[in-house]
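Colleague: Sequence:
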Amino acid sequence: MINIPVSDATHASIGKISRFLCFAAFLIFAALLSYSAIGGYFRSNAILKDHSLVTAPVTLQDIEEKSGRKGRKSYTYHFSYAFEAGGQARRGEFSTSEGNSIPYMDEGATVEVAYSNADPSRFERLQRLQNQSGLGGMLVRLAVALPVSALLAFIAHLLIVGRLFVARPKPAEATA
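For the sequence shown, our numbering begins at 3 and goes up steadily by one.
Think of the hints as simulated: they come from the structure by calculation, not from any bench. Quick caveat: nothing in here was measured; it's all calculated off a predicted structure. Here a beta-carbon is modelled for each residue, glycine too, at the ideal position from N, C-alpha and C.
Label-pair distances were calculated between CB atoms; the ranges are:
{"no.": "1", "residue 1": "Leu160", "residue 2": "Ala111", "range": "43 to 49 angstroms"}
{"no.": "2", "residue 1": "Leu160", "residue 2": "Leu35", "range": "20 to 26 angstroms"}
{"no.": "3", "residue 1": "Ala152", "residue 2": "Gly110", "range": "44 to 50 angstroms"}
{"no.": "4", "residue 1": "Arg130", "residue 2": "Asp108", "range": "17 to 23 angstroms"}
{"no.": "5", "residue 1": "Asp64", "residue 2": "Leu144", "range": "29 to 35 angstroms"}
{"no.": "6", "residue 1": "Ala111", "residue 2": "Lys51", "range": "27 to 33 angstroms"}
{"no.": "7", "residue 1": "Met3", "residue 2": "Leu23", "range": "18 to 24 angstroms"}
{"no.": "8", "residue 1": "Leu35", "residue 2": "Gln63", "range": "26 to 32 angstroms"}
{"no.": "9", "residue 1": "Phe156", "residue 2": "Thr57", "range": "45 to 51 angstroms"}
Here are the simulated lysine to aspartate or glutamate pairs, EDC-like style, with alpha carbons at most 20 angstroms apart:
{"no.": "10", "residue 1": "Lys72", "residue 2": "Glu100"}
{"no.": "11", "residue 1": "Lys51", "residue 2": "Glu114"}
{"no.": "12", "residue 1": "Lys172", "residue 2": "Asp10"}
{"no.": "13", "residue 1": "Lys68", "residue 2": "Glu100"}
{"no.": "14", "residue 1": "Lys75", "residue 2": "Asp64"}
{"no.": "15", "residue 1": "Lys51", "residue 2": "Asp121"}
{"no.": "16", "residue 1": "Lys75", "residue 2": "Glu100"}
Please model the complete structure; the sequences and the hints are all you need to start from.
Modeller: And the structure:
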């Protein structure tokens, strides 16, 4: 790893700046994460409050291959579904990993879709809505994600201060 030797005063200044920037990045990430989780919770509950269900056929659109470490490959399956609600044709899409794609790969596979009776353009897979509609589940996801992101910000700060910018070693005193 690259080491940039700096004076003690500069190292102290870089430490303060790094601490501030990593904390600010954590706060921004935490705010975005919370906004996303709370938004999904309210959106799911709004649809489920007054909804209708429809069964839609699932179609495989694409398989995306990604090469990982040590030559391992992972696959992401992209599916779509279409249904009619409120007199108009609606189309939705979702992606899933290879292991979770098995129920959708069968011939004639279907998915339950819930749509809002007040606004049929607001729809989502029923399973996803049920997962996002629980307050406890949202709080658990936030309770796990926020400390992990705080830990990552702390590790980034330690890498910046301890590995990237290092205090210049003091010259050894000459022995007489």
